[in-house]
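**Student:** Sequence:
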Amino acid sequence: MKIIRIISVISVFLFWGCASNAQNSKLTKEDYDSPIKGTDTAVVQIGLDEEGMPFVENDSVVVTVGQRIVLVGPFEFSIRFPKGSPFEEDKYQTRDAVMNFIVPLELEEQMKKKRADRLVFKYDIIAGDKVLDPMMIILPR
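Heads up: the sequence shown is residues 1 to 141, going by our numbering.
Heads up, a few of these hints could be off.
The calculated lysine-lysine pairs, modelled on DSS-like cross-linking and capped at a C-alpha distance of 30 angstroms, are [said to hold, decoys possible]: (1) K122 - K112; (2) K130 - K112; (3) K83 - K122; (4) K83 - K114.
Label-pair ranges, simulated between beta-carbon atoms [unchecked claim]: (5) R118 - V56: 18 to 26 angstroms; (6) E51 - Q110: 37 to 45 angstroms; (7) E109 - P82: 15 to 23 angstroms; (8) V120 - R68: 14 to 22 angstroms.
Just so you know, these hints were derived from the structure itself, not from any lab. Quick caveat, the model's predicted, so the values are computed rather than measured. In this text, a Cβ means the ideal position worked out from N, Cα and C, and glycines have one as well.
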């Protein structure tokens with residue numbers, strides 16, 4: 001009887017994992033909506049745990065070309081984008097707890113030329129000497 005329960009529990013977790021991966025691989029604009037209703041603004045809320053390690057509510061943010069991204073967090077933090085990201089600078093610093101970007105419109109033409117349905121990369125959120133590296137997924141409009 002215990003073996004059947006263990007197999008049932010394992011099957012449920014495997015099913016959830018497979019369903020989650022399938023959903024992520026077929027992401028479309030209809031799978032999400034703006035966190036601020038009535039706007040085109042995606043918000044990334046950054047917090048710090050007891051040890052000063054940054055955290056975000058979601059491991060990834062999904063945005064479209066031309067969309068505004070606002071990062072709100074501790075009083076001082078910085079964002080570092082990987083080389084080749086669509087943003088003008090590699091690193092941005094704030095001392096007022098808010099930072100915002102607009103996903104460049106030119107990116108859409110580049111994505112069409114490469115026949116890419118999305119651009120996916122990790123970026124760093126840095127608070128003090130602690131670094132978190134969530135994902136950013138950019139979709140065409």
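**Student:** Confirm or reject each hint.
**Tutor:** Cross-check of the supplied hints:
{"no.": "1", "hint": "K122 - K112", "result": "holds, 21 angstroms"}
{"no.": "2", "hint": "K130 - K112", "result": "violated, 36 angstroms"}
{"no.": "3", "hint": "K83 - K122", "result": "holds, 11 angstroms"}
{"no.": "4", "hint": "K83 - K114", "result": "holds, 18 angstroms"}
{"no.": "5", "hint": "R118 - V56: 18 to 26 angstroms", "result": "holds, 19 angstroms"}
{"no.": "6", "hint": "E51 - Q110: 37 to 45 angstroms", "result": "holds, 39 angstroms"}
{"no.": "7", "hint": "E109 - P82: 15 to 23 angstroms", "result": "holds, 21 angstroms"}
{"no.": "8", "hint": "V120 - R68: 14 to 22 angstroms", "result": "holds, 19 angstroms"}
Hint 2 from the earlier list is the only one contradicted by this structure; the remaining hints agree with it.
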